[in-house]
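J.: Everything in the sequence shown is counted per this note's numbering, starting at 1396 for the first residue and increasing by one.
Just so you know, the hints here were simulated from the structure itself, not pulled from any lab data. Fair warning: this is a prediction, and the values are worked out from it, not measured in the lab. Built from N, CA and C at the ideal position, the CB exists for glycine as well. Errors might be hidden in some of the hints.
Below, in silico cross-link-like pairs of lysine-lysine (DSS-like), each with a Cα-Cα straight-line distance of 30 Å or less [as the list claims (entries may be wrong)]:
id: 1; residue 1: Lys1412; residue 2: Lys1402
id: 2; residue 1: Lys1440; residue 2: Lys1419
id: 3; residue 1: Lys1435; residue 2: Lys1412
id: 4; residue 1: Lys1402; residue 2: Lys1418
Computed spacing ranges between beta-carbons, pair by pair [what the hints assert, rightly or not]:
id: 5; residue 1: Arg1423; residue 2: Tyr1457; range: 48 to 58 Å
id: 6; residue 1: Ser1424; residue 2: Gln1400; range: 51 to 61 Å
id: 7; residue 1: Arg1467; residue 2: Thr1429; range: 34 to 44 Å
id: 8; residue 1: Ala1438; residue 2: Arg1415; range: 41 to 51 Å
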Amino acid sequence: MYRKQHKKDAAAEAVKKRRRATKKPYSRSIVGATLEVIQKRRAEKPDVCDAAREAALRYVQYLTMFTLLIWRNIK
1396 MYRKQHKKDA
1406 AAEAVKKRRR
1416 ATKKPYSRSI
1426 VGATLEVIQK
1436 RRAEKPDVCD
1446 AAREAALRYV
1456 QYLTMFTLLI
1466 WRNIK
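Starting from the given sequences, assemble the full structure and let the hints guide the process.
T.: Written out as structure tokens, the structure is:
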């Protein structure tokens, strides 16, 4: 009985407890984006967010095609 209760690592395991991260009650602006912009993006509807994502993807695809055409003409 004594040996079971006083194993080598039993005391160390019992002491370790998980600590929760404290949540801050306020939100701050990030560098490059004001707090108003962040709150506006959080409140966006899903369809608006999807449309913005599609537009960004189309823009990136356009840029990659454009740069490929330029590189082909240079060589």
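J.: It remains to establish, for every hint, whether it holds in the given structure.
T.: Now the hints, each set against the structure:
For the hint linking Lys1412 to Lys1402, the alpha-carbon distance of about 19 Å falls within 30 Å, and the restraint holds. Between Lys1440 and Lys1419 the alpha-carbon distance is near 25 Å, which keeps this suggested pair within the 30 Å criterion. Of the supplied pair hints, the one linking Lys1435 and Lys1412 is violated, its CA atoms being roughly 38 Å apart against a limit of 30 Å. Note on Lys1402 and Lys1418: the hinted pairing is violated, with a Cα-Cα distance of about 37 Å set against a maximum of 30 Å.
Distance hint for Arg1423 and Tyr1457: a CB-CB separation of about 35 Å, inconsistent with the stated range 48 to 58 Å. Range check, Ser1424 to Gln1400: about 54 Å between beta-carbon atoms, so the 51 to 61 Å window is met. A hinted range of 34 to 44 Å for the beta carbons of Arg1467 and Thr1429 is consistent with their spacing of about 41 Å. At roughly 27 Å, the beta carbons of Ala1438 and Arg1415 sit outside the given window of 41 to 51 Å.
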